[in-house]
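Asker: Taken in sequence, the protein lines are chains A and B. Just so we're aligned, residue 3 is where the first sequence starts under our numbering, counting upward by one. Just so we're aligned, residue 1036 is where the second sequence starts under our numbering, counting upward by one.
A couple of the hints might just be wrong.
[Unchecked claim] Estimated spans, in silico, between C-beta atoms of each pair:
(1) B:ASP1152 <-> A:LYS96: 56 to 64 Å
(2) B:ARG1117 <-> A:LEU81: 52 to 60 Å
(3) B:PHE1385 <-> A:ASP151: 39 to 47 Å
(4) B:ASP1140 <-> A:ASP151: 46 to 54 Å
(5) A:GLY45 <-> B:ASP1361: 53 to 61 Å
(6) B:ASP1140 <-> A:PRO146: 51 to 59 Å
(7) A:GLY93 <-> B:LYS1515: 27 to 35 Å
(8) A:PRO159 <-> B:GLU1508: 27 to 35 Å
(9) B:ALA1516 <-> A:ARG83: 36 to 44 Å
(10) A:VAL102 <-> B:ARG1426: 18 to 26 Å
Please keep in mind that the hints were generated in silico from the structure rather than gathered at the bench. In this text, a Cβ means the ideal position worked out from N, Cα and C, and glycines have one as well.
Given next are the chains, with one letter for each unit.
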Amino acid sequence: MALGAVVLGAALGFAAVKFKVEGDPLVEKIDAILPQTQCGQCGYPGCKPYAQAIASGEADINCCPPGGEEGIRKLADLLGREFKELSGEHGIEKPKSVAVIDEQICIGCTLCIQACPVDAIVGAAKQMHTIIADQCTGCELCLPPCPVDCILMVPLPETLDTWKWKYPVIEIKSAHHA
Amino acid sequence: MLELFRFPGGVKPVSHKEASAAAPITRAPLPKLLVVPFRQSATGAATIQVVAGEKVLKGQIIGVAEGAFGSAVHAPTSGLVRAIESRMLPHPSGLAAPCAVIEADGEERWVELSPLDPFDSDPEIVRAKIKDAGIVGLGGAAFPSHVKAKTVIDTLIINGAECEPWITCDDRLMRERADEIVSGAIILGRLMAAKRIFFGVEDNKPAAAAALHAAVGGMPPPSPQPLSREGRGAFHADAQTIQVISVPTLYPAGGEKQLIRVLTGIEIPYGKLGPDFGVQCFNVGTAHAVARAVQHGEPLISRIVTLAGNFARAGNFDVLIGTPIDALLALGAPLPDTDRVVMGGPMMGFTLHDTAVPVVKASNCLLAMSPALFPPPKPAMPCIRCGACTRACPVVLQPHELYWYARAKNFGKTQEYHLFDCIECGCCAYVCPSRIPLVDYYRFAKSEIRAREREKLAADLARERYEFRQFREEREKAEKAVRLAAKAAETKAKLAREEAAKVGAGETAIAGEPGNTETALAGEPGNTETASVAPVNDKLALIAAAQARAAAKKAAVAPQNTAELTPDQQAQVAEAEARRALIDAPKDSA
Ligand code: SF4
Ligand code: SF4
Ligand code: SF4
Ligand code: SF4
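If we strip away everything but chain A, and leave its shape as in the complex, we get:
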């Protein structure tokens, strides 16, 4: 395992420079739990602002759909609060997807580039744009600005690297009698 982490770490060895400004440790801890999709579904312009809002007591802990139930549980643990169901008004938990640009339709308008919170789209004006799948968080923010609707969300397929052993389904004989 340790080895696996090393491999991944090497693969992601991007930007040695950190642009982080040291801030409130509670905000940092909350932000560490948030999924960093940066989608704004929580009603804040990103995960960090939502973390700040939780820390200041302004926002509840159940407003982040990408974080899902598990995220809410972790926040509840961290903050010593009761677990709550995901608040429906912010959206639902969806399988992780990435955006894909239909290269035949893209007109190179750069509007999606300006919308992407993590700079996952590259391309210059009037040239077709491309989404770097590894960097796309699946936030969907690039969909509305596209004037020709050429971006679609594609669920990430399971690969040998992402495949997981399933929770064992076993017959427990005396479960009923216990």
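For chain A, the structure is supplied; the task is to place chain B with the ligands on it using the hints.
Answerer: The following block gives chain B with the ligands in isolation, referenced to the frame of chain A:
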């Protein structure tokens, strides 16, 4: 005689090795179609080097090792690459991954091979050879050998324990190809500057141990080679430094840490590995492959596979990687009541989703199962905390605690209980009176934890990129503010100057000194518009200037994330541009 140690726990399942160990290794016939996955190591894939329609020679490299942990892949025979496509792999997931589908031409024409003299080559060159030959651990773990061989150690252990029931491929290999195993061991020992080499063979394989003994005895005298870097290459093969040791038959004696414990007495703590204590293990099959690669230049394109279990003709076969398992099974004539096939042994193997999948480097055994040989497990019952699992665990874990936390998805706790030290040997489940499939829970918990680690890395990357974007936007905003301020100041200055010029012009006219206004203006930096234009009100020039400003402004706000792309991103962009060119081409011609 070396003092042996005992590892904790362990079980003694019936070995069932006689049937398949009886007959010599048979070469499996060349199949018509071979399917070679580009991912043959546990840690990484290979970058595809061939295209459909290409002719390949036997042993030709078709995929080069990707990154430090990848492993090379070669054509197992000469023929035609029919396709490069996704095919199902022999993997517990049943998922598909890129494979080369090769149609054999039947000629078995080899690519030109370049052997090395292992005793007259730089250790790094030998290690590169092992890498280029695509050698991975053949005991089943498939970890790239060139990575393992990087460390400098005291003791090299060659693992011939083959502790899992039914499997006999290592046994037969030791009996029949002991010389090459010993040569491979010496090459590895020299590479890692080992001071001694131990062969560990379970005492239920006396013929194999005897063959190794004979091979060690018959070794050529130590070669007087000068030392190379880090003292590597100093290994001298003689009876003091190489020992063949029979170890008690006890499952899992072939586990790395267990065999290290038995042979050296070293107890490796949780979270540590053999090299941390100067010991490294290689399987006998791996040592054999190393000898073939270095001394003959042959890449790893075949391996010995045991057919055991519900076969009329169980045995061991020398099989080309990529051979369809179906075709191989037929050689053993599976009995009609065979209901599933397991790759690996009964303790650690997994059921194949489909037997059309190919043999890979990790395929040590194909175990045909029938309800009579392997009755379906009776339903599990709740854990009674009897502690039998704890007594059986060779790693000294607390399997019932691990099970409890894995079942409750309390992954943090499973890690506190050293989940990742569990070698999934199955001893705990083997002895569990409640028949709980304990290992399934550990595998589940491990893969969930790995997935979370991946998610965490992705989230960290996204956070970094988000913060960088914020930083950039701030910077751009600040730069824009500076620009705007400068412009405002400039306009103000210009107005003031124009005002002054007007007054001055009046004065000049009076004073009769033409030309001094222009000089004054031209001296103003950055004020080219005004400078180039005569003090007359020229509308056309103003419009042009406004257009230039607009263009400059547009350029300034245009997205700038095309700068400083990583090679990866550049590659993706280039790929997309190439696709774009294809899309555009017909449009242009139309
Ligand atoms: S809803 Fe979106 S932006 Fe808000 S915290 Fe969750 S992932 Fe971040
Ligand atoms: S590419 Fe689209 S979906 Fe992906 S992170 Fe950027 S804006 Fe979000
Ligand atoms: S052997 Fe089985 S029943 Fe006994 S403690 Fe372990 S898991 Fe529980
Ligand atoms: S499977 Fe894991 S927990 Fe069970 S006995 Fe083996 S090492 Fe111990």
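Asker: Please go over all the hints and tell whether each is borne out by the structure.
Answerer: Hints and how they fare:
{"no.": "1", "hint": "B:ASP1152 <-> A:LYS96: 56 to 64 Å", "in the structure": "holds (60 Å)"}
{"no.": "2", "hint": "B:ARG1117 <-> A:LEU81: 52 to 60 Å", "in the structure": "holds (59 Å)"}
{"no.": "3", "hint": "B:PHE1385 <-> A:ASP151: 39 to 47 Å", "in the structure": "holds (44 Å)"}
{"no.": "4", "hint": "B:ASP1140 <-> A:ASP151: 46 to 54 Å", "in the structure": "holds (50 Å)"}
{"no.": "5", "hint": "A:GLY45 <-> B:ASP1361: 53 to 61 Å", "in the structure": "holds (57 Å)"}
{"no.": "6", "hint": "B:ASP1140 <-> A:PRO146: 51 to 59 Å", "in the structure": "holds (56 Å)"}
{"no.": "7", "hint": "A:GLY93 <-> B:LYS1515: 27 to 35 Å", "in the structure": "holds (34 Å)"}
{"no.": "8", "hint": "A:PRO159 <-> B:GLU1508: 27 to 35 Å", "in the structure": "holds (33 Å)"}
{"no.": "9", "hint": "B:ALA1516 <-> A:ARG83: 36 to 44 Å", "in the structure": "holds (41 Å)"}
{"no.": "10", "hint": "A:VAL102 <-> B:ARG1426: 18 to 26 Å", "in the structure": "violated (54 Å)"}
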